[in-house]
Structures are given as C-alpha cells and as structure tokens.
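One point on numbering: in my numbering, the residue at position 604 of the sequence shown is 604, and numbering is uninterrupted.
Rather than coming from a laboratory, the hints here were simulated on the basis of the structure.
Keep in mind it's a predicted model, so treat the numbers as computed, not measured.
Among the hints, erroneous ones may be present.
As the list claims (entries may be wrong) - Lysine-lysine pairs mimicking BS3-like chemistry, simulated, CA-CA at most 30 Å apart:
#1 LYS305 <-> LYS463
#2 LYS305 <-> LYS353
#3 LYS463 <-> LYS533
What the hints assert, rightly or not - Per label pair, the in silico range of CB-to-CB distance:
#4 PRO165 <-> SER452: 52 to 62 Å
#5 HIS429 <-> GLN571: 37 to 47 Å
#6 ARG394 <-> HIS429: 17 to 27 Å
#7 PRO165 <-> ARG232: 23 to 33 Å
#8 ALA185 <-> ARG604: 45 to 55 Å
#9 GLY546 <-> LYS305: 54 to 64 Å
From the three backbone atoms N, C-alpha and C, an ideal C-beta is built for every residue, glycine too.
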Amino acid sequence: MFGLSSYHYQIPYRADSPTLQMTSGIHRFGTFELDPSRRDLRLDKQEVLLQPRVFDLLCYLVEHRDRVVSKEELLDTLWPGVVVTESSLQRAVSLARVALQQGGMEGAIRNYARRGYRFMPEESQAADTPPAGDKPVLAQAERSFAQALWQDAMRAFKEADQIQPLDAASLERWGIAAQCAGDLASAVGPLERAAVVYSSRGAREAAARTLISLARIQMESLDLAVTQGCLRRAERLLSGLPQGEQHGYLAWMTARLHLNLGELSEAIRLAQEARDIGHVLGNADIESMGMLIWGIGLQASGDAKAGLALQDEAGAAVLSGTVSPLVGGLVYCGMIASCCNGEDWLRAGQWQKSFTRWCQRSNIDTFAGPCLIHQAEVFAASARLEQARDALVRADPLILLGAPWALRDAHRLMGDVHLARGELEAAEHCYQQAYQHGWEPYPGYAELLHRSGRGEDAIRGLKRAATLTHWMPSERKARYLALAAQIAAELGQLDEARTLLQTLDGEPRRWEFGALAGHVDRARAELAWSEGKMEEAQHRLHRALGLLQNNGAVLEAARIHLRLAELSALQGYESAVHMELSTAEGVFQTAGAEGYLVQCRALRDTLSTHD
C-alpha cells in the first residue's frame, strides 16, 4: 500500500546549509532575469519558484558563465561538508532546466562530458536540444511536470515520444508523472526504456534508480520474482560505488520486500539503514521512508508504541514540506494502512484529513485505489456505511491501474459493509472472493460464520489467520485472537476462550493501542458473562465501550451498547436496557446498519413479551 520512486521532484534542502554568497548585480539575457540578492528568477516577467539548492546552482553557473564549471567544484560549493553523489547534482541541473524551459531557455545549461556544466544563454537553441518537431510538445510536458500537472505531463510526454523518441531523463520524468497520477501500469514502459538507456551509457546510479522504481511498481502488482530481480540488478550496479542516495533507496525498497515476506527483523534492520543514510545525506525522502518501514516493522513485531512514534515522525516530515510529492503520498498511504490494520481509527482519521489537504496542495493522486480503500475502512468504522460503499465503488477501476492486490482487500471490506447492512448472502460472496484471491477475509467473515451458526468454523479460521507471518495479519493478530476468544465464550467453550486469552497475554502487547484494546476487553467480558460473573462482565463492557468510542470505532461501540442492553435485561435493569438500546438503535439507523437493527428489534420483542 506504499511504494517508492527515487527521483526527487523537489530537491531536499537542509535549513542549516549555507547559502552561497552572490554578487548583487541583476543578470538579464533576453526574457531571463536573475537577481541573486533577492533570490528572484523571472522568465517572461513571470516569477519562477525554485528550491534553494537549485537556485544556488543556477546563480553559480550564471556568475561563472565564462567557463565550464567542473562537477567537483559544484558539488563542493553547493554541498559543503556533505557527502553526496553526482546524481544529486544531475537532478538539480535537471530541475533548473525544467524551470528555464518556461522561458524558452532549456538549452542554456550545457553539459560537457567528463568536464562539467556551463551557462550559455546564446546556445539555448543548440543542436543537442530536442529536434524542432517535438520541441513544443516536450516543452509543454516539462512545464506540466514542473507544475505538478501529472495527467497533462503524461499525455504530453507520450505525444512527444511518438514524434521523436525521448531521452532517458525525459522517459524517467514520464514514469514519475504516471506514478504521481496513480497510474503505475503506464509508468512501467518509460522506466524500462530509461533503465536500458542509462545502462548502455554506463550511468550506473541512474540505471539503479530506475530499477528500484520498477521494483516498487512490480511489488504493487505482487510480481515478487520481478521485484527481486530488479533489486538484485540495482545492487550489482551500485556495488563498489561510494555510499549515496541510491544505496538508501535500495535499502528502503529491500526492507519493504522483507516486510511483505514477513521477515520483520531483516525489514527493520534495512529500514534503519535507509533512515541513517537519508539522515547523513540530508535526504528527507529516504529518511522518512526508512522511518515508515521501521515503524511498521516494530508495530507488527509487537512494539506498537515505538512503531507508531516513528510513523508519526515520518508523517510530520511530509507536512514540513521537505519530502517530494510522490514519496509524501507513499508515506501517508503506508501510515493510514497501518492505522487501519491496528484499528487505530481516530489516528487514521486525523492523518487522512491531513493527507486529503496535502494531496490537494500537491495535485497528487498517488495510489488512488488503495487510498480510497483505506478511506472506506475509516468510514465503515465510524458508521458511515454509504460513504464506505461509494469509496469502494470509486476505487474499483483505479486499482487496476497499478495495485491489483488491493482489489482483494476491497472485497473483504465490501463484505463488512454488506454484513452490517444485513445482506448476508452478498457479504459471504465478497468474503469468498477475497479468500480465493489470497486475502484473509477476517474478522468480518468470522462474524458472519458465527451469526450463521458456524461458530466452530469461525474460531478455526481466526486461529489459522493468527499464525500467518505477513505484516498485515501480524498487525491484526490480536484482533483475530480476541474475536476467537469472544466467540468461544459465547458458545460456552470456556476452556478454549481462556486458552486464547492466555495466548493473547503471552504475545507482545500490540493490542494496547487503538480500538484493539476494546476488543480484548469485550472478549474478557464475554468470558466473565459465561462464567456467571455479571458485575465483572458489565465493568469490562463499559471499559470496552470507552476504548472503542475514544478511538473512533463508532459502529463497534454501538454494538457494545446493544450487548449492555442484553446484559441489563438479564439483570432486570429496565431503565438501563432502554437507554442502551436506544443509543445503539440511533447509531445503526443513521448508518443504515439493518443487520444490527434486526438484533435490536429482536431484543425489544423479547422485552415486550415479558411485559
């Protein structure tokens, strides 16, 4: 539910980096106007915004335009005291050229092989720029890319490529635009071609960069063999080179692969390595993604407190504006997915609001399908079933653009919506679809089985799912065990319920955060109830209610109100029965949860009969 592109749309800039000392004179060349003292660039009298490092690069080249400036000199000047690789300089030059294209100056920065760069405005129409036939279209593609108009950039790159095959850098930007638009499938072709061109030129870092991006895309399609092949090739290309950015991206992507395979300790180790590389290089993209996977790995391993703290820090890095748009979207998507797996609905909703605002500012639709699924899951938990259904319907066509694995989780979640609405046959069909495609349909499917008189099957399925080592079931393991214990207690299998709760207590206490703690208390309440300990059952149900409400689990909290009404009826507390029942009915009616309203009506019928 998250991935990677190692190309920076924005160059990270450290606040403590020294700004170059430039002369105060204003430089003008045709439509080009550069004022170093005011840090202002204008093309055709329009202000052009640049990242500080890119602006400093352009100023330095302009003020030394009488000569070729070596790459070593630029690296030492722009990154004093920081070890970075040549790819950082190449990306800064690329972004400067993209900006200059807005004034027809795309050829002004000349590249001299094995020597360096020179600013030559009179050469902006030099022969090494794109042929005249495709120049306007390509220039439009680059402008759209610089303005974060991803769909427009995709279309223009494709059109320019049909007129004249694009160079490797343009192909790579085409692939990035497709990823930012959420269309991963359309990114594969351009990135594969870019990798071939870079490799043929001996540009090892650039080739590794595109292969790492391809590995991420292939992982989203669950083509793990291709993913591993791309990563191994990237590792060979980077072998022997000084440690730089691409080593950080490789560590991050490999960590994510191990996370996917359930190899949590190795995932954590590599994520820490990525975080450390990003920190040393001042690269916020690598650092934030390393923190994200490190945090998810810790949470799946049982250290939820430390894991959540790392994930929140990664999210805060995105909000600070130092992370590129694509990577920011991937960090957010991964965080919200982890919140949903841990049923931390309040936190998921808070980050989702921030994510929505951030996407609007960045004009980005990264992983639109999976993100809609996470949004639907938050809607469902907060008793907004119709909104959940709408989000899932909208996600369906978008998922096929690059993350088909998410369709399986969409089936599971749609099953939950049908279950709450009382559409049991449709719910079972959706759960079966999820399972047939290799996805665990729990906990919802267990609820359906139990309601249909197949509680034994529900317990067996939950226990099996709790043994899986993939990161997703690892994060949901406590939920599976708690529900299995709850069902066992309701069926009168008290020894089974006690054993399951003991197992839960022996596990890392990942369930102490979010709504999971409420589900565990619900299971303990059902055991106490079956043992005849009514006061303890009532106490634990109230505790579960508070935990669920405080963590945004509105629908589950309403189900606790219904259970408290049933318990109060047994105890003869008539006023409490009507208060709890009315509260539950209000939530279910607003949500359209007919499946639970049926249970409320059944209880009212029972009470009226007794009256």
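Hints that the structure is at odds with (numbers, increasing): Hint 9 is the one this structure does not satisfy, whereas the remaining hints hold.
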